[in-house]
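There are 4 protein chains.
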Amino acid sequence: MAAFQITRRVQFSETDMAGVMHFSNYLRWAEDAEHAFWRSLGMSVHQTQEDGSAISWPRVAVECQYAAPLRFEDEVELRVRVAEIGEKSLRFEIEFVLGRKRVATARTKAACCRVAGGQFRSVEIPPAIRAALAACSHEG
Amino acid sequence: MAAFQITRRVQFSETDMAGVMHFSNYLRWAEDAEHAFWRSLGMSVHQTQEDGSAISWPRVAVECQYAAPLRFEDEVELRVRVAEIGEKSLRFEIEFVLGRKRVATARTKAACCRVAGGQFRSVEIPPAIRAALAACSHEG
Amino acid sequence: MAAFQITRRVQFSETDMAGVMHFSNYLRWAEDAEHAFWRSLGMSVHQTQEDGSAISWPRVAVECQYAAPLRFEDEVELRVRVAEIGEKSLRFEIEFVLGRKRVATARTKAACCRVAGGQFRSVEIPPAIRAALAACSHEG
Amino acid sequence: MAAFQITRRVQFSETDMAGVMHFSNYLRWAEDAEHAFWRSLGMSVHQTQEDGSAISWPRVAVECQYAAPLRFEDEVELRVRVAEIGEKSLRFEIEFVLGRKRVATARTKAACCRVAGGQFRSVEIPPAIRAALAACSHEG
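Protein chains in written order, with the numbering used here: chain A, 8 to 147; chain B, 8 to 147; chain C, 8 to 147; chain D, 8 to 147.
Worth flagging that the hints you see were computed from the coordinates, not collected in a lab.
We put the beta carbon where it would ideally sit given N, CA and C, even for glycine.
Don't take every hint at face value.
The calculated DSS-like cross-link candidates involving lysine-lysine, where the alpha carbons are at most 27 Å apart (straight line), are [stated by the list, open to error]:
#, chain 1, residue 1, chain 2, residue 2
1, B, 108, A, 108
2, A, 95, B, 108
3, A, 108, B, 95
4, B, 108, B, 95
5, D, 108, C, 108
6, A, 116, B, 95
7, D, 108, C, 95
8, B, 108, A, 116
9, D, 116, C, 95
10, D, 95, C, 116
11, D, 95, D, 108
12, D, 95, C, 108
13, C, 108, C, 95
14, A, 108, A, 95
Facing chain B, according to a computed beta carbon distance under 8 Å, are these residues of chain A, among others [claimed, not checked]:
#, residue
15, 30
16, 34
17, 65
18, 66
19, 68
20, 90
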């Protein structure tokens, strides 16, 4: 079961000459849905700290399977599920649903990092963030 | 061993506020490298036929693993390898190399389709295309 | 006065390494707002006809002035105004408003075209479309 | 006369469902050509200073006129001209040429800024940069 969902419409600039949404845009959409999920928890995916550094979540891996194309002005549901909460990383699964049909599934793995001066350092997920995520994945 | 390779530079519009290339652009780059590979065989990935239909290669699945970030103006090698030639589909593997370090690996699976009137129909890979691809994968 | 408006949030993938929304995205947003405006009239910007051709609106010219940057997760109002209804073309003006401040203004000119077989032919704006647009610009 | 030029090919992901390059990509290309021009002068458009701040060039205004469409795999020349060197800003003109035909013209105005902590402050163009630019515009 999804922890969170948003609805989104295919824009003209997201189509390609084959007349369908370009495959790379699904991964941008999946990220946008994840970020909306963070906001639904009252947090931002990119949290600036008092010392000027930030806690951020760069991708370690992504994948997407495509079952059917999306076309201009299609309205699509994105269902976000917290698939795994690791010590220093997080897995999401995002389903794309058009009508009642699943048209694509994206899976992403993000590492919890402290970012400062353009450098990334992998860190443990802070307890407050872990607690908020765990509450959601229990719903799932 | 790679069948083909191109070099490409990270553009400003491809970076994000974390100061690195946005993860979705690797998949666009991988596609661009595949299409350059098709051109190196004297073909286009999107071949219009005499009857107005086209042979095209929509994605069935993509994945990418990220080992290290890319930054503005980095010059990156993309090494394209034909990983599998199926009956109706094709797998590519694309390595991203900066200096001597592999910074990312993308894998894609594309289905051979006849496209007409915005509809896709899966078909067997035409013999001329199969022969050209097989020659390359034997080099690998 | 605006004929139509939408609200939109800056996504992570729309930022660049300067920490702000990349300038090119304002023009994609302006187009998306125009298309939402067409939908508000019960029409699509890309209308397929019975003979397989389509009435579409390629850009002849665009411009954008930037007064202040937009940042990740900013929520922005886009106000669409029909600036001019010509015989064969249309001008829109789109204001970007953050809080009460206008942060950018885009202006676009689109030509009414019949598209068939990948070719564009400039045509007069069909009467039904003209009437719907005129009603909106009278509101302005 | 152009101070600098590059050649670039239309990629599949840059096309839209009308079968041509999406209008917003011309402005990304124009920026990429400007940045290649900076590199040809031995400089980067984004110069980090010893104090951690950077000299950068955010857009104040852009415009583009479109005369003819570009299609997948078209190879296009971009001719960059320094149109005006102001006290604190710079204007470029970029022509897009396919075969011998000018298919589009972009004009951009960028402000010389010192960027620190995500804030932009307009500054005079540093003398070394001004001298390098002036040499190019005299060639024109």
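Going through the hints against the structure:
{"no.": "1", "hint": "108(B) - 108(A)", "verdict": "violated (41 Å)"}
{"no.": "2", "hint": "95(A) - 108(B)", "verdict": "holds (24 Å)"}
{"no.": "3", "hint": "108(A) - 95(B)", "verdict": "holds (24 Å)"}
{"no.": "4", "hint": "108(B) - 95(B)", "verdict": "violated (34 Å)"}
{"no.": "5", "hint": "108(D) - 108(C)", "verdict": "violated (41 Å)"}
{"no.": "6", "hint": "116(A) - 95(B)", "verdict": "violated (30 Å)"}
{"no.": "7", "hint": "108(D) - 95(C)", "verdict": "holds (24 Å)"}
{"no.": "8", "hint": "108(B) - 116(A)", "verdict": "holds (22 Å)"}
{"no.": "9", "hint": "116(D) - 95(C)", "verdict": "violated (30 Å)"}
{"no.": "10", "hint": "95(D) - 116(C)", "verdict": "violated (30 Å)"}
{"no.": "11", "hint": "95(D) - 108(D)", "verdict": "violated (34 Å)"}
{"no.": "12", "hint": "95(D) - 108(C)", "verdict": "holds (24 Å)"}
{"no.": "13", "hint": "108(C) - 95(C)", "verdict": "violated (34 Å)"}
{"no.": "14", "hint": "108(A) - 95(A)", "verdict": "violated (34 Å)"}
{"no.": "15", "hint": "30", "verdict": "holds (4 Å)"}
{"no.": "16", "hint": "34", "verdict": "holds (5 Å)"}
{"no.": "17", "hint": "65", "verdict": "holds (7 Å)"}
{"no.": "18", "hint": "66", "verdict": "holds (4 Å)"}
{"no.": "19", "hint": "68", "verdict": "holds (5 Å)"}
{"no.": "20", "hint": "90", "verdict": "violated (15 Å)"}
In terms of the numbered hints stated before, the structure departs from hints 1, 4, 5, 6, 9, 10, 11, 13, 14, 20, listed from lowest to highest.
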